[in-house]
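Chain order of the listed sequences is A and B.
In my numbering, each residue's number is its place in the first sequence (first place is 1) plus 158.
In my numbering, each residue's number is its place in the second sequence (first place is 1) plus 192.
Since the hints were derived computationally from the structure, they do not count as laboratory data.
Some hints here could point you the wrong way.
Claimed, not checked - According to the in silico footprint, chain B covers these stretches of chain A (three or more CB under 8 angstroms from chain B):
# : stretch
1 : 216 to 227
2 : 325 to 331
3 : 430 to 443
The beta carbon of each residue, even a glycine, is placed where N, CA and C say it ideally should be.
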Amino acid sequence: MTFDELLQAPQYSLPQREKEVLLAEELGALTEYHSRRCDGYARLLRVLHAGYNGVKSLSDVPYLPVGLFKSHMLQSVPESEVFKVLQSSGTTGQQPSRIPLDRETARRQTIALSRIMMHILGPRRLPMLLVESPSLIQDRRQFNARVAGLLGMMNFGRNHFYALDGNMQLDIAGVRSFVDRFGHEPFLIFGFTFVVWQNFLLRLAEQKLDLSNGILIHTGGWKKLQEQAVSAEEFRRRFQRETGISKIYNFYGMVEQVGSVYLEGEDGYLYPPNFADVIVRDPVTLEELPLGQVGILQVLSLLPLSYPGHSLLTEDLGIIHAIDSSSCGRYGKAFSVLGRLPQAEMRGCSDVIASMVA
Amino acid sequence: MEVELLVPQVRRASLEEVVALLSGQTESLPPFSDRSLDFCAGLSQAIFGDHEASRFPELLALAFWMRKAELITLRSQFQATAQTEAISVPCGLIFHIPPSNVDTIFVYSWLLAILTGNRNLIRMSARRAPQAEILLRLLRESLGRAEKVLQNSTIILSYGHDAEITRVLSMMCDVRVIWGGDHTVSLIRSVPLAVHAREVTFPDRSSLAVIRAEPYLTLNPKAREKLAEQFFNDAYWFDQMACSSPRLLVWCGTPADAQRAADIFWAALDNCINKKQFAAAPAIHMRKLVFSCESIVDLPVSNYRRSREVTVLTLDSLKSYPREHSGGGLFFSARVDHLSDLAPVLARKDQTLTYFGFDLNELREFALSLNGKAVDRMVPIGQALQFSRFWDGKDLLREFCRLVHIPSPSGNLEPGSYSPEA
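The whole structure should be built from the sequences, with the hints applied where relevant.
Below is the structure:
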């Protein structure tokens, strides 16, 4: 099965063993491909993974730490073929990742995302409520992961309506008329997890709006909600109670592997699509960990051609719960993301007290 | 404007109050008086005797460094530098700005200043490790029992984002001592001092170790174990982020000897770390991995060796050796034929050279050949973190004193020369 066949086959339909054989072969070929086209990657393969001797199983695929893309823009295509550089939104003070895309990689990302979303949305475009402010995409200077994510998702909707105004306040009248018009049939709601909670649900709480035909897709991470002690279960429960929405899907993804989206199943676990997979590794030894143990996530994807990002060690903690045994009919690994690897405070002479005069 | 007073008492205080405290204290002791010596020796004993403090090796090292015998040696060294035509007197008020995360530096800085008879103002960071809190408590207790002039010799405070406070305090001091990164030093340097005052800065530095392969290979396993442990102490105590912790290990010798010695050495270090059950936080491992990748892409790295706590990147050439670093147990490794081959690659930023297998004459010759270009310290492996009055090329005892010049009379004008009878 080639990449295209993997894409076209129904997602989540491959038993893990079968899938691993296919992925290992393709990822091995991608490793070769990038080492021929990207000098930096070739050096890394030769020095960091000196023992590399081809891919026999998935865990043999050499990885790069995702943090490398913050300082280095590695690319496997000539400058002239780069048509867009994606940047992570990045929290303040942090350098964003920079990912060069050529047309083919971008095409793969678009098709991949649509294959994944079609699995839950069906083949037709749905009316779409964007829990976002229209100003986000009007300002084209900041084309970051958030904008890219939003634009990518907009492809799956029609009659787009921005639920938030320029000040991120809920446009309740607008939402009401959107629901009056489209609420009797399935419609799509998309936004970033924290925004969807804070600027949408909490504002909607007293409005008695029936959104029960809505399908909510959200992403962006749980960090801010965890700080408010809102769990994924609480998130679902409150949405169901206040708005009637029962179809809620979170997804995990990153700018370094756009299109490789890990979408929640109805059981609340995340599932890799046919062309991607995850491995959990011990954060210290970097050895692969067995099922049920918490470690850092390595993400593997067949999408990246313009940069050597087909196998990345993230700084996210995760756990694989089960393989090929989901209650929602999905094959492959069922996993959860448990948040960021906690930052360590380092000692030393040099970090100090700039605040004294700042 | 308020500050958090930490010594002599813990309480909130207004800036005006601190200024009044500082201006009210004019009495001081001469350099190396018995009274200040006894007081410091007493503090050393208090640290040794403190149940909490004894859990931290760096506090015990500090206490050892300021025990009575050591202070007496320091005094005789100080007296030996006396000149016939100039008398050493204290500078006055020293404003110390220690780094927020090497928790004991402020005591070293303070100690040399108080021994030379100065009054002290120390600005601590709001982020303080338990080690710093213990020291502050012991200082409060010791000062509480001391005589008035000593009690008045030290004010320690903490304050946040307030340039105005730094400005007011800076105008009052005679010497300002800044320990910190380049950024901090530059930033605080932009705050003016009184016209007569001077500044002592300790910016970012980088350090290396040099081992001669041949004598290393003749060591017995016990001695190799010992050297590994000393190297561990130098590098890992402050997550390799102390300025004097080695980040580069240079082997001197033939390629074959160096390779053999390196294999033995890194294995011995792994063993030492396993025995100590030392383990860095997962995020530090990730930072080291990212830094390794960056280095492999950018530099002539020919080999990568990663064990649980030790990452080694072998450099084919030291030409573009970077001074940026991840910390946490990552070492560049390189080889030269002779010590003198290092001279072209060393830079002003290089502070401490820890060594094994060289005699003092070789090191002196090397220092002379560098002629001020680089390196402020050469100490045996194991002593990288051992603080000394000589630091970053300065003699702190001298920095904290002024000289009053009284030349012996020369020429013809003797008393009586003016006598009308003459």
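Verification of the hints:
no.	hint	in the structure
1	216 to 227	holds (count 4)
2	325 to 331	violated (count 0)
3	430 to 443	holds (count 3)
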